[in-house]
Structure formats: C-alpha cells, structure tokens
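**Student:** The residues making up each chain are set out below.
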Amino acid sequence: MYPKNGQSLKLFSGNSQQYPLEGDLTHSEAGKNYAQVVHRIVGRIPISGKILVTSASAEEGKTVTAANLALAFHAQRIPVLLIEFSLVKPKFAEIFGESPIQEGVEDVVQGRIDLRSVTCRLGNNNLSLAMVRRPQGSEEGLKPSVALNQLLADAQRDYRWTILDGPSIEASNHICTLVESIGLAVMVARAGRTNKESFRKAYDRINKHRPLVLLNDER
Amino acid sequence: MDSLVLRSVSIITLILAPHLQHAEQAPALHSDKQEVQTAPEPAPQGNGQTSGQTTSARRLKDLKGRLAIQEQRLESLKEASADPRSAIPEKASSDSPSAIQLREQLLIARQQLINLQSRYTDLYPDVIVAREQVASLTRLLDAENVNASQHPDVVKGAPGVQPSNRAQELGEVTASIKKLQDEIEEAERQAPLVKMAPRTTGERLRRVLPNSEPQSSGQTDPVAGEMPSTNLPTKVAPVLVGNSIPASIPPAKSQQRSHLHHSLRDLGIKKKFILALSVLFFLASALIWLFCKGRQATIQDGIALQALLPDEADYVGCIPRMDKV
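Chains as they are written, first to last, in the numbering used here: chain A, 11 to 229; chain B, 720 to 1044.
These aren't lab readings, by the way, just hints derived from the structure by calculation.
Please note that a few of the clues may not be correct.
As the list claims (entries may be wrong) - In silico DSSO-like links for lysine-lysine, alpha-carbon gap of 27 Å or less:
1) B:LYS897 with B:LYS1012
2) A:LYS206 with B:LYS897
3) A:LYS60 with A:LYS99
4) B:LYS897 with B:LYS783
5) A:LYS211 with A:LYS99
6) A:LYS211 with B:LYS897
Same shape as in the complex, but just chain A:
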C-alpha cells in the first residue's frame, strides 16, 4: 500500500501547531469525535475509499476537518493519503509548512507528473500528503480529465483511504462531477458562521450523492 519508490517520500516538519489538529489525539474530545466519524465513514457501504471534504462557502473549516480526518485515520493505523485539492487557495503550506518537493498537485492534475512524485510525509507522524505548490488562477484542473482519473486511481492503489481537501461548493463549477468521480463527500458546516440559506443551496447541489454532513466548531 505504501509507495515503493522511496524517492517520492520526503519528510518535513510542518507548522501545524498554529491550527487545531487533534484528530489523532484519542484523549481529547475532538479526537474522540473524529474517531467516531471515521467509524461512520469506514462502516458505510459501499466503501468508496475516497472522501472529498467540501463546504458551502469559504472559511468554514474544510482544510482543518480534512487534516483532522486524515490524522484520525492515521491514528487508527488505516493507510491514508491527504491530498490538497483546493488549487486556488491552498492552505496546507500554512498548516504543515512548505513542501520539500518542487512540484505539486496542480502538476499532477495537468498530467505532467504522477501522484507519487508529489507525495511526501510529515516528519512527526509519517502522515502522507500531497500539496499544491503553486496556487492556480482557477479550479479548472478539477474538471473531469484523464489526469484526474489517473490521480484518483493511483491514490486508491497505494492507500486504503484518500482524503481530498476540495474547494467550496460555491467557488467551484466542477464540484458535482468531482463528487461523482470521488464517490463520497463530507460537507462541513461551521457553527456560528455557515449561513443557513447558502448551506441549503449547496447541499441541494450535491444532494443526489448523499454527502455526509459534519458540523465543526460547535460551542
């Protein structure tokens, strides 16, 4: 399951202490809740093996939720790859630090290189992740393509679960096709921030794929 090519795996230390990452902390309240969510996802039939984390609009906690979910999977020793799919406003560099690899996910979705070439590991816990190196002007790279399908296939081949930190439903025109390609979406709402009306509209857009709904930041 883990890539055999050791050259693509580079360890680096991130800056994750600036963000609330407790998905792998089983003694914390949030860690327990993430563990329960992992159980719900793993037990869901059919097993897709891929999860797109999205939200109705920006700044609702997609990236933090995706990272915590990946940590929760990783804490349960489930092989997982965290991929940054927000091409316009990538945030992994803020959370985990600059990637040691010169290429990024944007190069993979354009078919220039394969997924392994951009996969690296966090130095403190060996969590595998693929980051965007250069922010893009649009989310066009997420529209259905051979390269995108190849990326998803590579991820499924090497890892049991792949968590993709996607764009918000409001910001992307290709969200429906992306959810269709991936199979499972977790729609995140943020307590005290997510607008009811925009959430309802966003949910209606991907309703037919039966997304999971998660509320974070509850007080």
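Using the hints provided, position chain B relative to the given structure of chain A.
**Tutor:** For chain B alone, kept in the frame of chain A given last:
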C-alpha cells in the same frame, strides 16, 4: 422627561429669539414718546413671557426716571420758595411748559444713556441712539433758553412765581412722588426674582443659545460667560428676570421656572450630550439588531443543522471547538 422639556423650551426659544431682539430694540428707539406720558401702561408687545419681561423692566425704569424728575422738581421748588431771587430769567425760563417738557425728556434720556452705558459699550446701537437723543434735547433746550432770554416779557409773565401757586405745585409734586414710589414698590414686589444681572432677556437667551448672536457688529460684552447667582444682592441695579410671571403664581411654581432658566443655561452642553447619547443608542441598537439577525441566519448548533437537512441526509455529528495552540 427633563430632557424633553429642555428640548422643547430650546426650540421655543430659538423661534422667539428674533422677535425678542426686535421687541427689545423697538422701545429703546421710541422711549421718549412713552416716558413723557403720565404713567403710561406698557402696551403688550412681542410674544409671550419674554416680551412681557422686557416691557415690565422698561416700566420699572420709566417709573424710576419719572421719580427722579419729580424729585428734582421738588428740589428746585423748595429752593425757589426759600430764595425769592430764584425768579431769575434762567429759572423762569424753566417754567415755560415747553422748557419743562424738554428738561424732563433730557433727564430721562440721560438716565437711559447711563443705564445703557453701564451695560454696553459706546458702539452698541441703543447707546448711540440714546446719546443722539441727549444731544438733540440739549440743543433744543439751549435754543429754548436763548429764545426765553431774547423775550423776557414772556418769561416774566410765566406762571409759578407766585407763592400760592408754588405751594400748590409743591403739594402736587410731593403727591406725585409718593404715587411714583408706591408704583415702584408695587412693581418690585410683583417681580419674583430681582437680580443684579446687567442684561436684558434677549442677551440671556443669546447666551443660552450661543448661535443666536446679536446682529450688530463690533459689540463687545464685558461680562460674557458669567451668570449672576441667585445669592447675590437683589438691590443692585435691579433688572427683572421672569417678571412677566403674575403675582398670583405661587412662589413654588415661579421657583420651578427659575430652575428651568438655570437649567437652560447648560442647555448648550446638554444638547450635545443628548445628541451623542442618541447616536450611541442608535448605533448600539443597530449592532444588536444585526447581531441577532446574523445569529438567526447562521447555523448555531447541530440541532439547527439537522433541521435544515432532509430526513434521508447522513449527519455524522459535530466536532467541538478546539482551541488553537
């Protein structure tokens, strides 16, 4: 409630201020007409209380002026009765009716000028007018004296040199003085508040409302920014304040009105304070309203989120807020 009252009073005062100024200047310009008449009743003019104050103050001043004239007449009559040589042409000329009238007018005008000079500078329009009146009356009186000296027959034939007439006139003057003193006492008694404020009502209102400056330019106010206290002596240059209040009004009520006058003094500051408070209140209300509306519009908890979702939706739970390290 108090602020409402103050606000309404300030609005009324703003409306009345131009009328007051006009009403204040008008009698000063025509004072000679009023003061030569015997005990003229001040005609109601202006609007409401403020114009009443002006006319009452003027009446009191008028009465005192007339008293001074009568006292001077009494003095001269006493001198004349004591000294038979008083029938000199100059004194005799004063017995002619027109000369007497002129002298009375001159005395009144001079007193008025002194009063005005104690309050205003020489550039104030009322002072200028009063000074011109004094000058013109002096000229007229001089001309009258010259005329009398040129026609001594007329002067010698003038009444008042006979002892019986003089005694009769002395009695009349004494009675007139007594009457005037009674009237002055009555007027002072009716005034609930007598202050040493060397100001007219219009001046006070202008100070309460700083924007309503007097229209005449070049005027300087020697005691600007100062307000007489109620504890000050009441017999120094009395000017009635609130003297349009009838004597039938009980003292408690008139005291209330005087408190209102005092509170009006700080109205300039209070208005700003009330305005600032209103703005703050409005902004706070708007913020609270926006906050409540925002809360209603956003998802606050898991229950609210589930209420939005259809029955078949897969709600996996909530993650509590995590503190950033």
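**Student:** It remains to establish, for every hint, whether it holds in the given structure.
**Tutor:** Comparing the hints with the structure gives:
no.: 1; hint: B:LYS897 with B:LYS1012; result: violated (80 Å)
no.: 2; hint: A:LYS206 with B:LYS897; result: violated (92 Å)
no.: 3; hint: A:LYS60 with A:LYS99; result: holds (21 Å)
no.: 4; hint: B:LYS897 with B:LYS783; result: holds (12 Å)
no.: 5; hint: A:LYS211 with A:LYS99; result: holds (22 Å)
no.: 6; hint: A:LYS211 with B:LYS897; result: violated (98 Å)
In summary, the numbered hints that this structure violates are 1, 2, 6.
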